[in-house]
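Asker: If you want the building blocks of each chain, they are given just below.
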Amino acid sequence: MLARMRLRTVFLVYMLSTASAIVAPFAMTTIVNERRKAIPVNTEPPLESAPQLQSRSMWSGDAPACSAPNGTIYYANGKQSDGSDPGANTQPFDEGIRIDFRRCAVSGDGTVYKVGLTEEAPLSLNAFEPTAQLKWSVPAQDVCSSPALGPDGSVYVVSRTRAGTTILTGYGAGGSKLWETPIGGTGWYLTAPVIAANGTIYVSATSQLVAIESTGREIWRVSVQNAGSGNASALIAGDGGLIAGDDGRIFVQVLDGVIAFNERGEKLWEFLAGSRDLDGGMALGGDGTLYLASRFLYALDKTGKPKWDFKSELTYTKGDYFGHQPIIAKDGTIYANTSRDQLYAITPDGRKKWLVSGEPSTVKRAWGQPMLTRDGMLVTNAGWFAVATGLATTGWPSGSHDNSNSRRQENP
Amino acid sequence: MTEGTASRRQVVVGVVLGILLLPLPLLLEFAYVHGTERTLDVVFHAVVFFGAIQALAILPASLCFYVAGKHGVVRGLLYFGTFAASCNTVLWVFVYRGMFNAHIY
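As given, the protein sequences belong to chains A and B, one line each in that order. Residue numbering for the first sequence follows the numbering used here, beginning at 1 and increasing consecutively. Residue numbering for the second sequence follows the numbering used here, beginning at 413 and increasing consecutively.
The set of hints was computed from the structure by calculation and includes no laboratory data. Treat the numbers as computed from the prediction; the structure is a model and nothing was measured. Glycine included, C-beta positions come from ideal geometry on N, C-alpha and C. Please note that a few of the clues may not be correct.
[Said to hold, decoys possible] The calculated label-pair distances, taken between Cβ atoms and stated as ranges, are: (1) B:Leu438 x A:Glu129: 50 to 60 Å; (2) A:Asp142 x B:Leu503: 38 to 48 Å; (3) B:Thr417 x A:Ser20: 50 to 60 Å; (4) B:Leu436 x A:Ala27: 24 to 34 Å; (5) A:Pro92 x B:Leu436: 49 to 59 Å.
[Stated by the list, open to error] Which chain A residues stay away from chain B? Per the calculated CB distances, all over 12 Å, these: (6) Cys144; (7) Gly164; (8) Gly174; (9) Ser223; (10) Gly265; (11) Glu266; (12) Gly286; (13) Asp287; (14) Trp308; (15) Leu314; (16) Thr347; (17) Arg351.
Turn these sequences into a full structure, and let the hints steer you where they fit.
Answerer: This is the structure in structure tokens:
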């Protein structure tokens with residue numbers, strides 16, 4: 001029968017089925033997206049008008065990277081400015097050196113530690129005086145995290161060679177290599193170490209959380225597993241993916257949520273957001289609330305229960321998500337930027353304080369990872385806002401929390 | 413005009429040929445994704461793959477065998493193409509139902 005059917009009919013049926021196969025995914029996706037648009041998002045009017053943007057000729061390379069105790073801000077493009085006016089007073093850190101501050105930390109005496117390229121050397125860890133005089137320089141491996149500074153002035157860097165596994169290296173304040181501890185894992189995006197108040201260093205790599213003494217000795221190592229599936233979880237590799245609380249808790253952001261551990265490596269709880277986004281980050285509020293950017297912005301209490309979630313207005317119309325680490329001011333206001341450059345100020349109870357949209361706009365604003373300065377400015381890639389007075393000591397003012405990149409909440 | 417021939421054996425040959433041609437568009441798609449470092453997107457891949465099966469494998473092969481007068485082989489190829497496309501449509505209906513039954517995030 002199959003051989004006798006008219007060829008024209010066979011061809012017609014074939015074309016119809018092919019057309020339906022190609023149209024089906026578009027049709028299904030359109031229907032689901034239309035249904036998603038009906039889900040409530042935070043379109044309520046803001047509580048107050050947004051502060052005036054103090055703009056300058058900034059571009060994405062001007063991202064604020066780290067700040068010094070005296071208020072100096074170091075930008076990713078190698079420039080610096082005093083904290084009084086981040087826009088007007090930017091100048092090169094050193095005219096003679098091509099430098100960038102993408103991965104940097106600043107100690108209490110103003111020494112600037114950075115990982116990056118210099119004109120003379122490949123990737124290296126460098127220490128500079130605030131006057132840009134080089135104190136010391138040591139070669140770094142092919143892939144490096146941002147440096148983190150210990151309470152005794154030690155410098156810690158997670159790194160790996162192209163073919164090797166990840167290691168944590170401790171350097172003395174004078175640049176001498178103290179020890180090297182293997183972490184394991186071969187990921188290309190390394191999460192910066194977290195420094196606890198007692199000097200313990202926490203690092204994460206390839207579904208493992210490792211605690212290491214300041215002497216380099218490994219204390220414990222746990223596998224970061226998703227309780228829902230029991231599988232090893234993919235860890236968020238950004239620097240905001242591993243942070244610590246002042247009570248010893250350690251938070252590891254995974255692909256679909258966050259897992260909390262105590263200082264002995266015991267799992268406390270996990271929160272599954274359901275997202276599969278690779279970007280995001282975390283910050284801790286003064287009352288112990290964990291703010292998690294995992295597509296939406298979540299506020300989780302100390303037991304991991306959600307207090308509220310906040311959805312960008314463009315979540316379902318433009319696929320917007322909170323793709324940067326949230327930061328928290330002294331008054332508890334949370335500042336968070338989305339992938340569509342919607343810069344939100346959110347009250348601690350989850351209400352929209354104000355919103356500055358980077359698009360649509362005649363000039364697109366790309367805010368990047370914001371940072372709060374000692375002088376009460378919210379600095380972004382595309383300008384700055386005067387928002388509050390005083391560097392937050394009970395909040396989380398920058399992606400790395402403080403000058404030394406401890407990524408640890410401090411006691412108020 | 414070539415006189416067409418069709419037999420059950422030729423239809424079977426066409427179906428087998430269609431199955432053998434299946435990896436070709438898959439390889440092309442992998443090469444494209446690898447070369448462009450395009451991120452995985454289910455809709456994109458489904459459309460490209462099933463579109464590519466028909467456009468790069470079934471249809472050209474059918475045309476060649478049609479010109480050669482092997483209408484049975486053409487039938488076999490088109491039967492297999494119809495089967496593959498129908499499976500794809502059914503698969504999408506199930507995915508769609510899954511999306512609806514699950515919490516839309």
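Asker: Taking the hints in turn, state whether each one holds.
Answerer: Taking the hints in turn, this is what the structure says about them:
1. The beta-carbon spacing between Leu438 (chain B) and Glu129 (chain A), approximately 58 Å, falls within the hinted interval of 50 to 60 Å.
2. Against the hinted window of 38 to 48 Å, the Cβ-Cβ separation of Asp142 (chain A) and Leu503 (chain B) comes to about 42 Å, which satisfies the hint.
3. Distance hint check: the CB atoms of Thr417 (chain B) and Ser20 (chain A) are about 30 Å apart, inconsistent with the given range 50 to 60 Å.
4. Between Leu436 (chain B) and Ala27 (chain A) the beta carbons are some 27 Å apart, a value that agrees with the proposed interval 24 to 34 Å.
5. Taking the beta carbon of each, Pro92 (chain A) and Leu436 (chain B) are about 56 Å apart, inside 49 to 59 Å as hinted.
6. The Cβ of Cys144 (chain A) lies farther than 12 Å from every Cβ of chain B, with a closest approach of about 23 Å, so its non-interface assignment holds.
7. Against the 12 Å criterion, Gly164 (chain A) stays outside the reach of chain B, whose nearest CB is about 24 Å from its own CB.
8. Every CB of chain B is more than 12 Å from the CB of Gly174 (chain A) (nearest about 42 Å), matching its label as outside the interface.
9. With a minimum CB-CB distance of about 26 Å to chain B, Ser223 (chain A) clears the 12 Å threshold, and the non-interface call stands.
10. At roughly 31 Å from the closest C-beta of chain B, the C-beta of Gly265 (chain A) stays outside 12 Å, upholding its exclusion from the interface.
11. Non-interface call for Glu266 (chain A) relative to chain B: holds, since the shortest CB-CB distance, roughly 30 Å, exceeds 12 Å.
12. The claim that Gly286 (chain A) lies off the interface holds: its Cβ sits roughly 30 Å from the closest Cβ of chain B, which is beyond the 12 Å cut-off.
13. At roughly 28 Å, the least C-beta separation between Asp287 (chain A) and chain B is larger than 12 Å, which holds for a residue marked as non-interface.
14. For Trp308 (chain A), the condition that its CB be more than 12 Å from all CB atoms of chain B holds, with the nearest at approximately 17 Å.
15. For Leu314 (chain A), the condition that its CB be more than 12 Å from all CB atoms of chain B holds, with the nearest at approximately 16 Å.
16. With a minimum CB-CB distance of about 25 Å to chain B, Thr347 (chain A) clears the 12 Å threshold, and the non-interface call stands.
17. Even its closest Cβ contact with chain B, about 23 Å, leaves Arg351 (chain A) beyond 12 Å, as expected for a residue assigned away from the interface.
The earlier numbered hint that this structure contradicts is number 3, and it is the only one.
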